[in-house]
Amino acid sequence: NVLGEIGKGHRIAFGILNLGRLKLGVGTVAGARYATDLTIEYTTQRTQFQTPLSEFGLIQKKIAEQVIKIYAGEAMGYRITGLVSDYEHQLKASRPDDDTAMLAALDEYSVECAMSKVYGSEVLDFVVDEAVQAHGGYGYIKEYPVEQCYRDSRINRIYEGTNEINRMLVPGQLLKKAMKGEIPLMDRVQGIGAELAAPETISVDVPEGPIARERRDAELAKRAALFLLNEAVQKYMMEIDKQQEVLALLADILTEVFVLDSTVARVAKALDRDGPAKSEIPVKILQVFSNEAVRRLDGWGRELLAVVHEADAWREKVGQLEHYLRPDPLNTVALKREIARDAVAAGRYRFFS
Numbered sequence: 004n005v006l007g008e009i010g011k012g013h014r015i016a017f018g019i020l021n022l023g024r025l026k027l028g029v030g031t032v033a034g035a036r037y038a039t040d041l042t043i044e045y046t047t048q049r050t051q052f053q054t055p056l057s058e059f060g061l062i063q064k065k066i067a068e069q070v071i072k073i074y075a076g077e078a079m080g081y082r083i084t085g086l087v088s089d090y091e092h093q094l095k096a097s098r099p100d101d102d103t104a105m106l107a108a109l110d111e112y113s114v115e116c117a118m119s120k121v122y123g124s125e126v127l128d129f130v131v132d133e134a135v136q137a138h139g140g141y142g143y144i145k146e147y148p149v150e151q152c153y154r155d156s157r158i159n160r161i162y163e164g165t166n167e168i169n170r171m172l173v174p175g176q177l178l179k180k181a182m183k184g185e186i187p188l189m190d191r192v193q194g195i196g197a198e199l200a201a202p203e204t205i206s207v208d209v210p211e212g213p214i215a216r217e218r219r220d221a222e223l224a225k226r227a228a229l230f231l232l233n234e235a236v237q238k239y240m241m242e243i244d245k246q247q248e249v250l251a252l253l254a255d256i257l258t259e260v261f262v263l264d265s266t267v268a269r270v271a272k273a274l275d276r277d278g279p280a281k282s283e284i285p286v287k288i289l290q291v292f293s294n295e296a297v298r299r300l301d302g303w304g305r306e307l308l309a310v311v312h313e314a315d316a317w318r319e320k321v322g323q324l325e326h327y328l329r330p331d332p333l334n335t336v337a338l339k340r341e342i343a344r345d346a347v348a349a350g351r352y353r354f355f356s
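Quick note: the sequence shown uses our numbering, first residue 4, plus one each step.
Keep in mind that the hints were calculated from the coordinates and are not lab data.
Here are the simulated PhoX-like cross-link-like pairs (lysine-lysine), alpha carbons at most 25 Å apart as the crow flies:
{"#": "1", "residue 1": "179", "residue 2": "245"}
{"#": "2", "residue 1": "180", "residue 2": "26"}
{"#": "3", "residue 1": "183", "residue 2": "238"}
{"#": "4", "residue 1": "64", "residue 2": "281"}
{"#": "5", "residue 1": "183", "residue 2": "245"}
{"#": "6", "residue 1": "225", "residue 2": "180"}
{"#": "7", "residue 1": "183", "residue 2": "225"}
{"#": "8", "residue 1": "238", "residue 2": "179"}
{"#": "9", "residue 1": "272", "residue 2": "225"}
All chains should be modelled from the sequences, with the hints used to inform the complete structure.
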């Protein structure tokens, strides 16, 4: 009836929770691939007015958005599992007889594990919902596998800690690490304050190339997240743990930035490995995701600032936020059509690295 050493059983319990959250995040995104393949298969075979459903614009929009969310979710999963694995190997190299390296690595990246669980489960919910919609009434018939996908997806937002609980953990654990000096959060926040005091000095140094704009967006989004986190902390200080709605907004902001940065890294690797010609669709996926992520961040940021500031101060703070969140005009409709046509031509979601 003892889990590990006396007085230390909670470490194993929490470590297993972190592992479960990471695995759930990765597994749900994999399940979303299956649901997308079902969507492509059905809409390619089903016709309306002698035309396959997959050739209609709103069906193409669904397929493209499924592909985009999965690609981004996979990028996040690859990154977190890589971080955990690398850290575990570092610990084992210095402590070869220590059998707790995996638990320690998971604890180090507990914030990312919580992000993975929330993001992956909600990607699956979105993808499966669109899959059922594309099937129409047939999506409710058990003979069609998408019906079971729809029933089974809902539980993922509940176990391994509800998504609400995991959202509380993301900014909460991050701030705890900052208070302990484990991450230089306050130094970065001070840098943001200095930038905003002289906004003409704000600059981003990124390599030129097909995804230069998206690299810039990701870097500025990180600064926006730090700015918003600081605004909330300055308002509530030690009482911030009682502001669940604010914590949930911060969790969505921090997760979106992490996923965007991970997707940029994935596409950058694809360009290095495969070259621009073979990476055309991943680049377009990133272009859409980045543009829409910046818009989502802008919306959440404005909402958060409205909670912590009155009207006049809100306008001033939104003006500061706009230095970091600057989406360029982008024809996402045309890009989504190309992404969907590529998936339909392949007959499935086709990305594996």
